[in-house]
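Chemist: Spelled out from the first residue to the last, the chains are:
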Amino acid sequence: MARNRAKMTFLENNTSRKATFRKRKEGLMKKASELSILCGVAVAVIIEGEYSSVPEVFPREDVGSVIDKWDKLSQADKDKKMVNHEKYLKQRIEKAKEKLNKVNKENREMEMKELMFDCLRNKTAPCFLGPNELRDLGVFIDQYIKILSRRIETLTNNQGSSSTSVVPAAAGTTSVAMPTAAMGSSSTGFNNMIEENMNEIPNVKDFDLNRCSEE
Amino acid sequence: MAKMKNESNLQVTFSKRRSGLFKKASELNTLCGADIAVIVFSPGGKVYSFGHPNVEIVLNRFKNINQPFPNPNNNMRLSEVRSHTPIQQMNDFLTQLMNDLEKAKKKNEEIKKKRKNSKRSENWWEDPVEELDLAHAQEFKVELENLKKVVTDEASKFFQGFPHPNFCVGSSSGAPFRDGGYINPNLDQSEQRRMFNVNAYYNPNMYRPNYQLLYGNNSYAGGCVPDQYNLNFMLAFNQYQNQNQNLNPGFKEEGISENERHQDGHSPHF
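Residue numbers (this note's numbering), protein chains in the order written: chain E, 236 to 450; chain A, 51 to 320.
It is worth saying that the hints were derived from the structure and are not from the lab.
Each statement offered as a hint is correct.
With a cut-off of at most 27 Å between alpha-carbon atoms, the simulated DSS-like pairs for lysine-lysine come out as follows:
no.: 1; chain 1: E; residue 1: 330; chain 2: A; residue 2: 155
no.: 2; chain 1: E; residue 1: 340; chain 2: A; residue 2: 164
no.: 3; chain 1: A; residue 1: 113; chain 2: E; residue 2: 322
no.: 4; chain 1: A; residue 1: 66; chain 2: E; residue 2: 242
no.: 5; chain 1: A; residue 1: 156; chain 2: E; residue 2: 242
no.: 6; chain 1: A; residue 1: 53; chain 2: E; residue 2: 313
no.: 7; chain 1: E; residue 1: 381; chain 2: A; residue 2: 191
no.: 8; chain 1: A; residue 1: 96; chain 2: E; residue 2: 322
Taking beta-carbon pairs under 7 Å as the criterion, some of the chain E residues facing chain A (in silico):
no.: 9; residue: 256
no.: 10; residue: 266
no.: 11; residue: 272
no.: 12; residue: 276
no.: 13; residue: 280
no.: 14; residue: 283
no.: 15; residue: 284
no.: 16; residue: 305
no.: 17; residue: 316
no.: 18; residue: 323
no.: 19; residue: 328
no.: 20; residue: 331
no.: 21; residue: 345
no.: 22; residue: 352
no.: 23; residue: 366
no.: 24; residue: 382
Note that the Cβ used here is the ideal one computed from N, Cα and C, for glycine as well.
Please build the complete structure, drawing on both the sequences and the hints.
Modeler: Laid out in structure tokens, this is it:
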């Protein structure tokens with residue numbers, strides 16, 4: 236089983252193709268059977284191989300009853316979830332693209348967060364960055380500023396009326412200039428991902444991370 | 051083996067296994083050239099079907115199997131040239147996509163792991179926003195706004211077609227920079243500003259230009275084209291292949307991995 240991570244392409248070699256056909260056909264029929272039993276549903280498979288003039292079918296004896304059930308359907312019902320090979324692959328491609336873009340986006344955001352912090356830590360600066368990084372960094376900073384604004388708003392609202400802050404700053408940090416001093420931090424937590432903050436704020440359309448679980 | 055008892059598990063199982071069954075059918079055809087039809091009724095009574103060349107054809111052949119003139123030998127179909135069919139190309143594309151996806155996932159894991167392992171920072175502004183008090187949040191915001199200004203300034207150098215030593219020499223033809231971001235030095239000022247604020251990340255794996263950009267703003271020159279196959283698809287696929295080979299041909303800075311650059315000991319004049 237481990238041997239076959241081969242390319243998904245037509246097998247020119249007659250021997251390999253014949254062997255592969257036999258094994259995979261058997262595997263497919265088995266899967267069809269399992270699906271049928273586990274979920275209690277009607278399943279039909281018809282395979283026309285090159286090695287036999289008679290197609291192989293599942294269920295072996297009673298494929299006809301599933302076909303009858305199929306025939307009774309309206310054309311609309313049949314068509315709704317019918318796919319040919321091209322359409323099927325197209326759907327898979329779309330899903331894979333979405334997934335890939337989502338992961339890339341998350342990766343990029345994490346990178347940008349680190350990059351932003353590096354700028355603040357004086358480990359690097361915008362003048363050393365290429366155009367793509369600059370653009371993405373800009374986007375990320377904007378998003379972060381938005382979150383900060385919301386945080387500020389929440390804090391100011393929670394105090395009631397006055398907008399000028401009466402909230403006591405963390406120990407000795409009122410006039411700290413960023414990013415130089417590492418003042419006594421009031422936090423104890425690990426660095427959390429910005430996404431955790433984002434998910435608490437329902438209005439932010441910019442982030443749409445990690446909503447869906449893995450497929 | 052018996053029918054599953056738990057209703058919701060059954061639903062999930064059905065969904066996954068049906069999907070897997072179609073995948074196996076697709077692979078059987080791709081690898082061995084066998085025509086195939088699969089019909090699956092769902093627990094809810096809907097019907098899913100997959101077929102190559104399509105369900106109806108295979109079904110009809112099967113129904114007519116006992117007629118006086120059965121179909122000629124299947125071997126005739128096998129003599130098709132398969133390597134350049136849309137299906138083969140789609141399969142190749144899909145394979146590449148899945149590889150990229152795997153790599154991206156790995157990278158994702160690595161980044162997360164690295165963060166978890168790195169020692170806790172003493173910088174308060176690295177803490178989650180929710181833990182910042184008002185004074186800190188306000189100060190941080192100001193700092194970020196300043197940083198943003200610097201970033202914008204730096205970026206404007208690229209957007210104006212400013213002669214820059216790191217520009218790709220090969221773009222003397224006037225072609226846009228060969229990255230996924232379509233940064234076009236010939237845009238006017240307002241366009242540049244708009245592009246700069248576009249909510250889209252540079253994505254080395256963004257398939258262009260015939261596919262919709264995921265992040266919403268299709269402000270790039272390529273625009274978006276409805277999902278059609280045939281020529282558009284093949285073109286896009288070829289472009290994708292080219293893009294992957296020519297990624298960032300000229301940007302010296304881009305050629306260095308971000309990690310290298312940051313830890314490089316450049317003395318910042320921040």
